[in-house]
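Student: Sequence:
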Amino acid sequence: MTTMTASSLRGALTRTTLLLGLSTAFAVPLQANEDLPRGYYVLPEEGDLIGEVTTVEADKEDTLIDIGHEYGIGYRAMVRANPDVSIWYPGEGTEVTIPGQFILPDAPRNGIVINVAEMRLYYYPPAEEGQPRIVQTYPLGVGRQDWETPLGNTTITEKVEDPAWYPPESIRREHAEAGDPLPSVVPAGPDNPLGTRKMRLGIPGYLIHGTNKPEGVGMRVSHGCVRMLPQDVEHLFDQIAVGTQVRLINESFKLGWSDGTLYVQAYPYLDDEQGTSIQRVTEALGQVDASIEGLEYPVDYSRLREVVEIPGGMPVALESAPAPAEPAPAPDTLYDRLELIAARPSLYDQLPPQS
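If you read the sequence shown in our numbering, its first letter stands for residue 53, the second for the next number, and so on.
Bear in mind the hints are in silico, worked out from the structure with no lab data behind them. Errors might be hidden in some of the hints.
Said to hold, decoys possible - Label pairs and their computed distance ranges (CB to CB):
id, residue 1, residue 2, range
1, Pro350, Gln291, 34 to 44 Å
2, Asp136, Leu203, 33 to 43 Å
3, Gly346, Pro242, 36 to 46 Å
4, Pro220, Glu144, 36 to 46 Å
5, Ser343, Pro202, 44 to 54 Å
6, Glu98, Asp243, 30 to 40 Å
These figures come from a predicted structure and were not determined experimentally. C-beta: ideal position from N, C-alpha, C; glycine also.
Please construct the entire structure, taking both the sequences and the accompanying hints into account.
Tutor: Structure below.
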């Protein structure tokens, strides 16, 4: 974990300055992620882990949301990583955790991948000649429970700068019932919920767009569209073309390798209907077992249970401590592993005995 002060990077490492220097950064071969703008990472040749968890010291005027946006992290992720820090007034000198490490989603590494459970977008641009491949990642706002963001494979079908918004009848009706009627068209400008850029998806009625309320990025607040921070959507807009592949997935449990260590990363389910805690841990165990099949890898199953029970959104290494001189026999089946985890007092004590 790296520690720095927010003020030491503020300004010099802002999005604008970094993007202005992007062409210079790419003028020589990139050897480290430090050479890249915020949100950019060299794609690992082997492995699935990018970024790092850091800490910064808050300035007097900071909010947790402001700090998160500066480092490309959305609202919920910042709250999960800093449960004891005030959202609106962290306080000068308060240490704030930046959960900036990610396991890449289990999806092809090209085009755009949107993981709605993570509220995060990954963009895999074509490689520059003579340069390593890059992945870019940005926080998102996604659809709320009654207006869920759709899943599936699609493409970008249209790009529009400074769009007008034509709210659908369903949204106008909802606003009218709440005493906040909408006009039939909202022109481009500071009051436009689409922000300064929109990219239409091949799924009818859905967009990737900016926002005039950036504090909602990292939350379930939209009517199903995907919201981005203003500077992020403008930067992405300039790079992608109509026809770019977009994959929308709902991956609340991710796992991946880095330097021979297995990591897992869990997020809360978007909806209770996705499964119970017991179902979650069962599915996670199955995925871990499949990942280590044929390997003599010492999994820490207690740690896995903790990650699934209390999804914190940061990668956790699953490698267990060295075994004692006379280790107990290793569990052989998924059910044995469930019994092993259920042995500690918790809701898993309610599991029926296995034969």
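Student: The structure should be examined with respect to each hint, and the outcome stated for every one.
Tutor: Hints versus structure:
For Pro350 and Gln291, the hinted distance range of 34 to 44 Å is satisfied, since their beta carbons lie about 42 Å from each other. Distance hint check for Asp136 and Leu203: the Cβ-Cβ separation is about 34 Å, which falls inside the suggested range of 33 to 43 Å. Separated by about 57 Å at the C-beta atoms, Gly346 and Pro242 break the suggested range of 36 to 46 Å. Evaluation of the 36 to 46 Å hint for Pro220 and Glu144 yields a pass: the beta carbon distance comes to about 45 Å.
As the Cβ distance of Ser343 to Pro202 is approximately 28 Å, the hint placing it in 44 to 54 Å is violated. Checking the proposed 30 to 40 Å range against Glu98 and Asp243 shows it is violated: the Cβ atoms sit about 48 Å from each other.
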